[in-house]
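Construct the entire structure; sequences and hints are all you get.
Residue numbers (the UniProt record's numbering): 1 to 263.
Where hints are given, some of them may not hold.
So the derived label-pair ranges between C-beta atoms look like this [unchecked claim]:
1. 127 - 254: 36 to 42 Å
2. 254 - 165: 31 to 37 Å
3. 47 - 87: 35 to 41 Å
Calculated directly from the structure, the hints in this document are not laboratory data.
Backbone N, C-alpha and C fix where the C-beta goes; we use that ideal spot for every residue, glycine too.
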Amino acid sequence: MKKGFDVFVGIFSVIGILLFVIPGVYLLFSTSPASLFSAVKDDEFLRAVGVSLSSATLSTLLILLFGTPLAYVLSRSEFPLRGLLENLLELPVAIPHSVAGVAILNFFGRGAFMGKILNLLGFEVYGTLTGIVIAMAFVSAPYFIGSLKEGLRQLPQEYEKISYSLGRGRFYTFFKVLLPMTKGHLLKGLILSWGRAVSEFGAVMVVAYFPMTSTVFVYERLETMGIRATLPYAVLLFLITGFVFLFLRILWGKYAESKGFEG
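The following block contains the structure:
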């Protein structure tokens with residue numbers, strides 16, 4: 001019986017590796033060094049990578065700015081329809097991201113109410129870097145908010161009460177007590193949000209085909225030049241984003257280890 005179970009687990013694990021691991025590894029060996037060298041000199045590709053990296057970073061900062069207080073409210077406050085709000089915040093993980101792009105244009109587009117406000121402030125969403133940042137933030141915010149919210153919920157409220165009893169105000173308690181004590185969850189949420197943002201395609205393509213991000217660039221090359229011509233760019237993008245994400249994960253892991261909790 002034990003042997004039969006081991007065979008079952010082994011076979012399905014191998015199939016899982018073939019489905020979830022090997023395609024990415026195989027991609028790395030699917031083009032020549034000469035093709036990679038030629039692709040890395042492509043100015044249009046480098047601009048697209050720059051747009052993706054900068055937009056993902058800006059969207060992560062946007063999430064940090066507005067998602068942090070929102071995570072606090074959801075973790076510490078009781079109010080009607082809180083559960084509904086939490087579910088709505090998690091919806092971008094599940095809905096088709098082309099639909100997310102349409103939703104963003106419908107709310108922030110030129111003719112929409114919020115779009116008019118943004119226009120008065122000098123911002124345009126459709127076909128702009130601003131639109132890309134908003135699209136990335138919309139689809140990746142749930143990862144940060146969920147992580148920080150969980151960290152705050154695990155933190156006993158006695159810490160806040162002690163801080164208040166010592167005469168500290170709510171701003172001091174929030175920034176000097178709560179956030180430092182949940183730094184691990186905060187950092188993990190930022191890393192996950194950045195990784196999700198930099199890989200976004202559907203919402204970004206709907207909101208702003210140009211300026212072209214790296215994901216849209218690869219799609220455009222695939223549609224116009226075919227898979228063989230696209231492979232060098234795909235490999236480079238895989239290496240660049242993979243390196244940055246793994247580097248951040250390693251830093252997070254070392255921080256988690258130093259603090260004695262699971263990374």
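>> Flag every earlier hint the structure violates by its number, smallest first.
In response: No hint contradicted; all consistent.
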